[in-house]
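Protein chains: 2
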Amino acid sequence: MPRLRLALAQTNPIVGDLAGNSRQILVAARRAHDAGADLLAVGEMALSGYPIEDLASRPSFLHACHDAVIHLAKELQDAGLGDLPVIVGHPDGPFEPRAFGTSNAPTAIAQNCASVLQHGHVKARYAKHHLPNYSVFDEYRIFIPGDELLVLRIKGVDVAVIICEDLWRDGGPVARVLEADAGLLVVINASPFERDKTEVRLPLVTRRAIETDTIVAYVNIVGGQDDLVFDGDSVVVDGAGGILARAPQFDEHLLVLDVEPEAASENPLPDRVQRVELASIERTQGPLAMDVAILPDDREQLWNALVLGLRDYVQKNRFGSVIFGLSGGIDSAVCAALAADALGASAVYCVSLPSRYSSGHSRSDADDLAERVGLNYSVQPIADLVEPFETRLALDGLAAENLQARVRAVVLMGLSNQHGHLVLTTGNKTEIAVGYSTIYGDSAGGFAPIKDVPKTLVWELARWRNEFAVSRGETPPIPDNSISKPPSAELRPDQTDQDSLPPYETLDAILDAYITRALGREDVIALGFDTETVDFVTGLVDRSEWKRRQGAIGPKISGIAFGRDRRLPITYRPTTR
Amino acid sequence: MPRLRLALAQTNPIVGDLAGNSRQILVAARRAHDAGADLLAVGEMALSGYPIEDLASRPSFLHACHDAVIHLAKELQDAGLGDLPVIVGHPDGPFEPRAFGTSNAPTAIAQNCASVLQHGHVKARYAKHHLPNYSVFDEYRIFIPGDELLVLRIKGVDVAVIICEDLWRDGGPVARVLEADAGLLVVINASPFERDKTEVRLPLVTRRAIETDTIVAYVNIVGGQDDLVFDGDSVVVDGAGGILARAPQFDEHLLVLDVEPEAASENPLPDRVQRVELASIERTQGPLAMDVAILPDDREQLWNALVLGLRDYVQKNRFGSVIFGLSGGIDSAVCAALAADALGASAVYCVSLPSRYSSGHSRSDADDLAERVGLNYSVQPIADLVEPFETRLALDGLAAENLQARVRAVVLMGLSNQHGHLVLTTGNKTEIAVGYSTIYGDSAGGFAPIKDVPKTLVWELARWRNEFAVSRGETPPIPDNSISKPPSAELRPDQTDQDSLPPYETLDAILDAYITRALGREDVIALGFDTETVDFVTGLVDRSEWKRRQGAIGPKISGIAFGRDRRLPITYRPTTR
Numbered sequence: 001m002p003r004l005r006l007a008l009a010q011t012n013p014i015v016g017d018l019a020g021n022s023r024q025i026l027v028a029a030r031r032a033h034d035a036g037a038d039l040l041a042v043g044e045m046a047l048s049g050y051p052i053e054d055l056a057s058r059p060s061f062l063h064a065c066h067d068a069v070i071h072l073a074k075e076l077q078d079a080g081l082g083d084l085p086v087i088v089g090h091p092d093g094p095f096e097p098r099a100f101g102t103s104n105a106p107t108a109i110a111q112n113c114a115s116v117l118q119h120g121h122v123k124a125r126y127a128k129h130h131l132p133n134y135s136v137f138d139e140y141r142i143f144i145p146g147d148e149l150l151v152l153r154i155k156g157v158d159v160a161v162i163i164c165e166d167l168w169r170d171g172g173p174v175a176r177v178l179e180a181d182a183g184l185l186v187v188i189n190a191s192p193f194e195r196d197k198t199e200v201r202l203p204l205v206t207r208r209a210i211e212t213d214t215i216v217a218y219v220n221i222v223g224g225q226d227d228l229v230f231d232g233d234s235v236v237v238d239g240a241g242g243i244l245a246r247a248p249q250f251d252e253h254l255l256v257l258d259v260e261p262e263a264a265s266e267n268p269l270p271d272r273v274q275r276v277e278l279a280s281i282e283r284t285q286g287p288l289a290m291d292v293a294i295l296p297d298d299r300e301q302l303w304n305a306l307v308l309g310l311r312d313y314v315q316k317n318r319f320g321s322v323i324f325g326l327s328g329g330i331d332s333a334v335c336a337a338l339a340a341d342a343l344g345a346s347a348v349y350c351v352s353l354p355s356r357y358s359s360g361h362s363r364s365d366a367d368d369l370a371e372r373v374g375l376n377y378s379v380q381p382i383a384d385l386v387e388p389f390e391t392r393l394a395l396d397g398l399a400a401e402n403l404q405a406r407v408r409a410v411v412l413m414g415l416s417n418q419h420g421h422l423v424l425t426t427g428n429k430t431e432i433a434v435g436y437s438t439i440y441g442d443s444a445g446g447f448a449p450i451k452d453v454p455k456t457l458v459w460e461l462a463r464w465r466n467e468f469a470v471s472r473g474e475t476p477p478i479p480d481n482s483i484s485k486p487p488s489a490e491l492r493p494d495q496t497d498q499d500s501l502p503p504y505e506t507l508d509a510i511l512d513a514y515i516t517r518a519l520g521r522e523d524v525i526a527l528g529f530d531t532e533t534v535d536f537v538t539g540l541v542d543r544s545e546w547k548r549r550q551g552a553i554g555p556k557i558s559g560i561a562f563g564r565d566r567r568l569p570i571t572y573r574p575t576t577r
Numbered sequence: 001m002p003r004l005r006l007a008l009a010q011t012n013p014i015v016g017d018l019a020g021n022s023r024q025i026l027v028a029a030r031r032a033h034d035a036g037a038d039l040l041a042v043g044e045m046a047l048s049g050y051p052i053e054d055l056a057s058r059p060s061f062l063h064a065c066h067d068a069v070i071h072l073a074k075e076l077q078d079a080g081l082g083d084l085p086v087i088v089g090h091p092d093g094p095f096e097p098r099a100f101g102t103s104n105a106p107t108a109i110a111q112n113c114a115s116v117l118q119h120g121h122v123k124a125r126y127a128k129h130h131l132p133n134y135s136v137f138d139e140y141r142i143f144i145p146g147d148e149l150l151v152l153r154i155k156g157v158d159v160a161v162i163i164c165e166d167l168w169r170d171g172g173p174v175a176r177v178l179e180a181d182a183g184l185l186v187v188i189n190a191s192p193f194e195r196d197k198t199e200v201r202l203p204l205v206t207r208r209a210i211e212t213d214t215i216v217a218y219v220n221i222v223g224g225q226d227d228l229v230f231d232g233d234s235v236v237v238d239g240a241g242g243i244l245a246r247a248p249q250f251d252e253h254l255l256v257l258d259v260e261p262e263a264a265s266e267n268p269l270p271d272r273v274q275r276v277e278l279a280s281i282e283r284t285q286g287p288l289a290m291d292v293a294i295l296p297d298d299r300e301q302l303w304n305a306l307v308l309g310l311r312d313y314v315q316k317n318r319f320g321s322v323i324f325g326l327s328g329g330i331d332s333a334v335c336a337a338l339a340a341d342a343l344g345a346s347a348v349y350c351v352s353l354p355s356r357y358s359s360g361h362s363r364s365d366a367d368d369l370a371e372r373v374g375l376n377y378s379v380q381p382i383a384d385l386v387e388p389f390e391t392r393l394a395l396d397g398l399a400a401e402n403l404q405a406r407v408r409a410v411v412l413m414g415l416s417n418q419h420g421h422l423v424l425t426t427g428n429k430t431e432i433a434v435g436y437s438t439i440y441g442d443s444a445g446g447f448a449p450i451k452d453v454p455k456t457l458v459w460e461l462a463r464w465r466n467e468f469a470v471s472r473g474e475t476p477p478i479p480d481n482s483i484s485k486p487p488s489a490e491l492r493p494d495q496t497d498q499d500s501l502p503p504y505e506t507l508d509a510i511l512d513a514y515i516t517r518a519l520g521r522e523d524v525i526a527l528g529f530d531t532e533t534v535d536f537v538t539g540l541v542d543r544s545e546w547k548r549r550q551g552a553i554g555p556k557i558s559g560i561a562f563g564r565d566r567r568l569p570i571t572y573r574p575t576t577r
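Heads up: the protein sequence lines correspond to chains A and B, in order.
Under the working numbering, the first residue of the first sequence is numbered 1, with each subsequent residue one higher.
Under the working numbering, the first residue of the second sequence is numbered 1, with each subsequent residue one higher.
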């Protein structure tokens, strides 16, 4: 059997930064070339970043991407790397719009492509067939589907190339991989992390390897892009389903390995398959170490996803530091630990903003946390800032409670504007689901690190992070008291969250049923929850859609996150739920 | 030729309110029956409201819609209206998910349907073939396409039924209407208003009537639903392209007319056409007056769209009143006139919030407007509320400017929470495009009445509204001084908008090129704008995406509105624009 040295580069692109993203690919190509690779593949849209959303409908953007691919081919050649075939993902266009009859509406003019670069030129191009248009994906909106499979002949091996969703659909290009008798299937991906996704993704890759009787090389991008976190976790699986190599999750990485695919056959090609023969050059190929990363456990994966999502949002948007209120409660404590892990404690600014209703422990727990984590910390009591509004406008009840949260936001935003920190908002998914927050108050901020983390999981992650610190001989960042005390918004005397809400275990279970599993009222009740609680909770969820629409983005880690993953009307008068 | 009395009901549904929407249809059916109609059609999704977005992925919602159609058929029968065939739009399901291979992602389980009700039963059902997935539409995300055309035989006439986008696409069901030799084509629609859309829509209807050699009856829903305003404007066009009847824009209406379509032929049906014969009963049909509404001019159409969008958002979400800051400037003045037209002046609460930088005219112009419009008006000077923050936090420059806007928001939100008014935010499209606003400050509010109105159009509409008042012998609502004075945010001494921004005529022209026409930097410059200004403006637009994501919704009136019409990343580092 022929032998190929295969390199997969897990790069971390920024949407739009064609020059920077190209440099990442060039660096990977240099390393792959040095390692004697016969072929390098980078992820889907590694050149442009992903998702590009409606940038795909701007001709100037598509022209720039098209030109950047040609430019990258030349740069590779100029750098002496021209003999290495590089498969790179990028948008291409503009093409004639997909025919939509007489509609004058904007329509797709782009394709989601994989180009093969060698010797200073684009040797071949594949366009994605299957365009995901569910969950966070809007690809049917922006792309024209391709309809021809690409097979590269390299060193006597037929290498089929497809893109992400193409692997997930039965039929289509995957079926033709088998018909074309390819020895290696390269799949370039931009597949975002969500909890337990690897338990679907890896078996799929394995199944396809067995079905198509090929070695499958799955390469994914890595990094945070707005509300998505791409986890890398690139993997190569042989035709019997065994893992040959695996890149680490959440890190840039170059995976290099030797594979021994079936030699190319001389059978006639099936319909709609284009075969391109690439020049192969003998290289010096030294020995390689096995490179099979071990996936960490569930909570560590989640923590790492949140850290990377936050870090990349801050850094890619060129902020140097973050600021947020530290209440002594669990949400802001977990955000502080995440922010310190993401950016280093010296880039984290926290403010304790006690009101006249704040307990002693809210100050002391915040002090304790600040000391443990080593972050920048100050105290701004708000009572004398609140009082003039309350008196002048005669506010009481909920209006007076919200006022305190809004005065805190004015303080944090003032400090942000004056000193250039990004404001984080520390609300969790449970709170956001039921609207248990003050709009323009505690919900104010540019990024919400735990937006997709239900309250019960916030506690679980806090405990895990402390145990993790202990296991490494470090100080646990989160005060035990912040974990164990009853949660409170402290907006009126002796308030606790459970004055207004069911116990969090119940609440999170109902929310999981109603939101993630999309069960109706009757089916949620049938799970064993009482009718009154279910009606109360689902009513809160539906009525707070307007707040969520104005909420900050935050990293998706669940099957259904708030945002473009779950699109619902604000104006909604349910007859039934 | 046979004669049919046709009724088209332009109803105003609320998303989710199956009982209320059914009542509207029942009322229309009673009136159509009384008028001797042989057939009634209501709009696309008139039963559920439109767009339903991801409600389409909840089995409980689909079951409720399915049941509501059956219930409506029974109610029509019980009300003695059973002999009148009623074509009603609704979602149906849940069906087996569209096959997506091995993906475990949520996928479409619903269809976008037209059901035909008669004698207490659902006699036939059509599912929309073409699913718009561009602009504000996400139908490919949520619906399974249909593939069979429906033809009803009523009183010797073959009546084809299709839904909205089906009419816009060449081929598909429209082509089969001609093959099936139908005499009448009923198209049910949920087609939102945008400026100049009628100049595309009416010619399309006319063209299809000529192409298919049928009378085309186009019925649209009416009303505001979040950021969309459905304009009604239902119309019937004969096979020669002449308008037989037309319903008014922006109003609920029942259009009744007699048509004389070709008699049904006995030719064999083409493939994928289902024909259903309906019982026809002789009715007493008195004479009918011609009903051809005249479309008002462009500015009146725009004003009416904004009024209806605001009124329906407020009323459908059960607010009794609105509140916002009155600065004396043109934006808040136009919002006040719109709100008074939408809700009556007694439901409009305005607050003048002068700071130490506010000019004398800002107070006097606001006073003048309040008096002209007759709205509820109070004054809350903010200097002493601002000062404690400014001093304590040592804020200056932009941080101090933003502080004033945020203190105003705290006042308005406090009054909103205390008294139950909906807060409006009065920013215009130009401001929102370039981020010339303070987040959690003047951008705070639940609804943005002029969100999609560029600054130059705000002035134009103000002048039009005043002229309109004069033409009716009424007091012009907007003070001349608010129209003629140089715009200023008044956040520092002697500030005007043009300290920070190009002249509004230039700015709006660049924004139209960059946003609406999606031109790249080079092409915008080629229109004759100077490079520095183009780079400055397009840079501002790209950098303020994060603010827009947290902005209030407001009625879409243009080809590309901010929101789901234009989906762009926040994290974006453009190599080129």
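Source of the hints: derived by calculation from the structure; they are not laboratory data.
Keep in mind that the hints are not guaranteed to be accurate.
If you want the footprint, here are the derived chain B segments under chain A, 3+ residues with CB under 8 Å [unchecked claim]: (1) 274-288; (2) 362-369; (3) 463-472; (4) 562-570.
Now the in silico label distances, taken between C-beta atoms and shown as ranges [what the hints assert, rightly or not]: (5) 503/B x 532/A: 51 to 61 Å; (6) 251/B x 532/A: 54 to 64 Å; (7) 499/B x 391/A: 30 to 40 Å.
Cut-off 35 Å, straight-line C-alpha distance, at most; resulting in silico cross-link-like pairs (DSBU-like, lysine-lysine) [unchecked claim]: (8) 485/A x 547/A; (9) 547/A x 197/B; (10) 155/A x 74/A; (11) 123/B x 155/B; (12) 197/B x 547/B; (13) 155/B x 547/A; (14) 485/B x 547/B; (15) 197/A x 547/B.
Computed from a prediction, not measured in an experiment: that's the story for all the values here.
All C-beta atoms in this analysis are idealised placements derived from N, C-alpha and C, irrespective of residue type, glycine included.
Non-conforming hints, listed in increasing numerical order: 1, 2, 3, 6, 13
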